[in-house]
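Number of protein chains: 4
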Amino acid sequence: MTRSIDLNADAGESYGAWIMGDDAALFSLLSSVNVACGFHAGDPLTMQRTLVLAGQHHLGIGAHPSYPDLPGFGRRILEAAPDQVYADTLYQISALAGMAGAAGLDLQHVKAHGALSTRAWTHAPTAQAIAQATRDFNPALPLLVLPATELEHQARALGVPVVLETFPERAYLSDGRLAPRSMPGSSIHDPAEAARRAVMMATEGRIEAIDGGYFAFTQNSPFEVDSLCIHGDNPNAVQIARAVREALAAAGVEVRSFVQPRLS
Amino acid sequence: MTRSIDLNADAGESYGAWIMGDDAALFSLLSSVNVACGFHAGDPLTMQRTLVLAGQHHLGIGAHPSYPDLPGFGRRILEAAPDQVYADTLYQISALAGMAGAAGLDLQHVKAHGALSTRAWTHAPTAQAIAQATRDFNPALPLLVLPATELEHQARALGVPVVLETFPERAYLSDGRLAPRSMPGSSIHDPAEAARRAVMMATEGRIEAIDGGYFAFTQNSPFEVDSLCIHGDNPNAVQIARAVREALAAAGVEVRSFVQPRLS
Amino acid sequence: MTRSIDLNADAGESYGAWIMGDDAALFSLLSSVNVACGFHAGDPLTMQRTLVLAGQHHLGIGAHPSYPDLPGFGRRILEAAPDQVYADTLYQISALAGMAGAAGLDLQHVKAHGALSTRAWTHAPTAQAIAQATRDFNPALPLLVLPATELEHQARALGVPVVLETFPERAYLSDGRLAPRSMPGSSIHDPAEAARRAVMMATEGRIEAIDGGYFAFTQNSPFEVDSLCIHGDNPNAVQIARAVREALAAAGVEVRSFVQPRLS
Amino acid sequence: MTRSIDLNADAGESYGAWIMGDDAALFSLLSSVNVACGFHAGDPLTMQRTLVLAGQHHLGIGAHPSYPDLPGFGRRILEAAPDQVYADTLYQISALAGMAGAAGLDLQHVKAHGALSTRAWTHAPTAQAIAQATRDFNPALPLLVLPATELEHQARALGVPVVLETFPERAYLSDGRLAPRSMPGSSIHDPAEAARRAVMMATEGRIEAIDGGYFAFTQNSPFEVDSLCIHGDNPNAVQIARAVREALAAAGVEVRSFVQPRLS
Chain A
1 MTRSIDLNAD
11 AGESYGAWIM
21 GDDAALFSLL
31 SSVNVACGFH
41 AGDPLTMQRT
51 LVLAGQHHLG
61 IGAHPSYPDL
71 PGFGRRILEA
81 APDQVYADTL
91 YQISALAGMA
101 GAAGLDLQHV
111 KAHGALSTRA
121 WTHAPTAQAI
131 AQATRDFNPA
141 LPLLVLPATE
151 LEHQARALGV
161 PVVLETFPER
171 AYLSDGRLAP
181 RSMPGSSIHD
191 PAEAARRAVM
201 MATEGRIEAI
211 DGGYFAFTQN
221 SPFEVDSLCI
231 HGDNPNAVQI
241 ARAVREALAA
251 AGVEVRSFVQ
261 PRLS
Chain B
1001 MTRSIDLNAD
1011 AGESYGAWIM
1021 GDDAALFSLL
1031 SSVNVACGFH
1041 AGDPLTMQRT
1051 LVLAGQHHLG
1061 IGAHPSYPDL
1071 PGFGRRILEA
1081 APDQVYADTL
1091 YQISALAGMA
1101 GAAGLDLQHV
1111 KAHGALSTRA
1121 WTHAPTAQAI
1131 AQATRDFNPA
1141 LPLLVLPATE
1151 LEHQARALGV
1161 PVVLETFPER
1171 AYLSDGRLAP
1181 RSMPGSSIHD
1191 PAEAARRAVM
1201 MATEGRIEAI
1211 DGGYFAFTQN
1221 SPFEVDSLCI
1231 HGDNPNAVQI
1241 ARAVREALAA
1251 AGVEVRSFVQ
1261 PRLS
Chain C
2001 MTRSIDLNAD
2011 AGESYGAWIM
2021 GDDAALFSLL
2031 SSVNVACGFH
2041 AGDPLTMQRT
2051 LVLAGQHHLG
2061 IGAHPSYPDL
2071 PGFGRRILEA
2081 APDQVYADTL
2091 YQISALAGMA
2101 GAAGLDLQHV
2111 KAHGALSTRA
2121 WTHAPTAQAI
2131 AQATRDFNPA
2141 LPLLVLPATE
2151 LEHQARALGV
2161 PVVLETFPER
2171 AYLSDGRLAP
2181 RSMPGSSIHD
2191 PAEAARRAVM
2201 MATEGRIEAI
2211 DGGYFAFTQN
2221 SPFEVDSLCI
2231 HGDNPNAVQI
2241 ARAVREALAA
2251 AGVEVRSFVQ
2261 PRLS
Chain D
3001 MTRSIDLNAD
3011 AGESYGAWIM
3021 GDDAALFSLL
3031 SSVNVACGFH
3041 AGDPLTMQRT
3051 LVLAGQHHLG
3061 IGAHPSYPDL
3071 PGFGRRILEA
3081 APDQVYADTL
3091 YQISALAGMA
3101 GAAGLDLQHV
3111 KAHGALSTRA
3121 WTHAPTAQAI
3131 AQATRDFNPA
3141 LPLLVLPATE
3151 LEHQARALGV
3161 PVVLETFPER
3171 AYLSDGRLAP
3181 RSMPGSSIHD
3191 PAEAARRAVM
3201 MATEGRIEAI
3211 DGGYFAFTQN
3221 SPFEVDSLCI
3231 HGDNPNAVQI
3241 ARAVREALAA
3251 AGVEVRSFVQ
3261 PRLS
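Residue numbers (the working numbering), protein chains in the order written: chain A, 1 to 264; chain B, 1001 to 1264; chain C, 2001 to 2264; chain D, 3001 to 3264.
A hint or two may mislead.
Example chain C residues on the side facing chain D (calculated, C-beta under 7 Å, incomplete) [stated by the list, open to error]: (1) 2048; (2) 2052; (3) 2094; (4) 2190; (5) 2193.
Bear in mind the hints are in silico, worked out from the structure with no lab data behind them. Glycine is no exception: its CB is placed at the ideal position from the N, C-alpha and C atoms.
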């Protein structure tokens, strides 16, 4: 049996006249994309073009909802009430899914963007609002989550299918949290090192922690990491994605979008 | 056989802390609503609450897409390119339809708002973009149109089901255009007069023109007006809707949402 | 010597077609206004009209900068970086001051709005950024501050003139913080009680605390409260302002805008 | 006596995380910049950084107000009412001027951006609103105008100092209008040709028209072009600016910001 894993990146993060990243170059290396829905990036025309391009590359398509924060690119925590997070998330999923449908494409997953995601790692009401919006849109729609977070917990509690995601370019603490960006070594810039970590994540389900020891992404199995995330807004994103992809192939791991999301 | 007609109004036009109109009072008098989708009014939480309220009143639900113009309430022509109009319209329809679905409701129709609608009456590329977005979202979804406009023409050309709409509170020119708001008598403020006009529209399919004679809304039949529109942002909208409703009842015309939209 | 005090309220919080509060009715009862600058409310045309109206009532004019958050009316904490808060605040002060100047009016003060203000009560970098922006715009421009907050502290540290403000409609804790809105009794709705509290604040410089005892707004003097704030978005704001004004007059306290701001 | 001319470009057109153009490279070749004010580009922090950079290069600083249209980059005509254009323009000038002042810099001029400018070339109420806002902010503040437009006419009628601007990279019609972008040859991409045209504009005050003959920018004198504009968002903007600058130097024309704007 061949081990496979999903390789995802954020996409469609241009806005009007402003270009972000090089989606066309990156898409040939991925199996899934998280498409901005207009709240942190991605005006409707950009969304449509991104969907068409993703369809041409046969990528799994994810909605990438955010706090409403164009000037901050959705990277700033906004203390929105849970009913606001619910409605904002549902609005964005719906908008992207409808546009995908008009282009003949299905929505594969939902992944929270930036500060909305960060807040959902520890703030239960925010996590629950995201999971509830995902379920109310479509109970079979999986949510990409960072393992061992409040978001994973709330999604499972609501019966939302979860897809476990890890970051080959980011250092982890031994309790599973991402090392803060202010910590030296928190970001991995070397494509070869990112690729080595991707392979360990995919084949062992764990990674060395920056503060010693290992973090195992799941308690039960070394093979439960479902998706690896590449940061598309990095200047060297294409180079990293290529290195990761080649290393996975060399390790006998196929890159393909998840089909059977993990049920709770 | 009982004659019936739809009675619609714009709704959900509050935004965050700002309240517009009295949806709760108006909804008991209508059969359909056009719900703002966030571009001229209607933040996601307002949309959700409007949908729930509309569902409680068993109203037909319409998406009410607009140019992106919160400070102008969508009432200012924006010379957006057709592909921008297409994407903006599709985005808004999708967002509302998905939120409706999450609340257990179906989308009944699409109606362009304000300046987007006005521009589509005469500007073929804009009209076509709106009709195409509606069709690409769902080919069975009807578009509310002002009769004898480019929007009606383009919708029919694309096979989009059309619902013919008239305005009891607005004066018409003999060629079918709405009398400009700058013209004396262009707006009808007297509920009794609006009600009288509503009955004539519903039962005769025509109305007296402000510049003499009559305008017949369709060439073929006196009974083809499908929907009457009340302006929900009028201070006396509730009073007018009640007068229209009572006059229609007295004339033997039932108010109910359209079920069988007119196919092209 | 007659004791005097400023009576301020937030104003200009309409946005495009949406109306908030009744500025015209309230302005005749105030001595100062805090004018929204476009980030939580107040499009440019609303700002201009508010300034003209304020000028007609000879009110002291304040800039009321906010986080950029129209859908949340600036009431949601946004974890903006200090350099973003600085630039956003300076932008808004500048915009309002320039518009005031074009209308022949001077800017009297700056007051942070909603969540920006709340965050600045306890978060030193945010408080410092607001104070620095105020000083860099004009070193003589006073900042309205809640006494005993980080905002007061940072303003004094930078040499920004401070004006001490209290809320007759809000309950206080014995340590000087406003009682959380979730606490029963945190908001005073009775105009007579608000008026009684206003007089005590103005003449004794202290108020009964909701958790027992009194809070004295300054350590040195019973007369150092400079301004009382009425919430203009309350339905009964006009009634409260009138009661406060009459009670102050009966107590021999003149309502007038501050002229000599308290130097640090 | 040495002939001199101003060389300006739009700048500060990044927005949050999105970068537009290469201001740092271009600034060393210019004498003036038109700084985006937040309505089409340029969040407050970008504005502040742009101002600091412009100050380091000793550039003349202009406010570059736009229609409120981030997704369209201000390039789409918006049928805003004159009082809206007035207030929007005054707001943006004020915001930039205040931020400039806080950085120790003066505002040199105002230049309308994109579709706001285009509309003001032919629509008198829009042109008048822009000119009036400029004058009400500061009667001595010059407005950069395309010669022979309604904007020049209205500015002169109101006594606003005007600075005549031409575009070395754009073809002209014999009546002075810019050749529409849809016309072949309407844009000049060759740096050498742009440079040749810049020299002719600066030294002869006229240019060959794309439809035959010449267009003279002013009737009275061959030397009245005050400023040449380079499009900073062109990929080869730096190359063109360098070619223009070198050709002007070779022709004995000094590049420097205008000091004595042309009074009406």
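Hints, one by one, checked against the model:
no.	hint	result
1	2048	holds (5 Å)
2	2052	violated (11 Å)
3	2094	holds (2 Å)
4	2190	violated (39 Å)
5	2193	violated (40 Å)
Comparing the model with each numbered hint stated earlier shows that hints 2, 4 and 5 do not hold.
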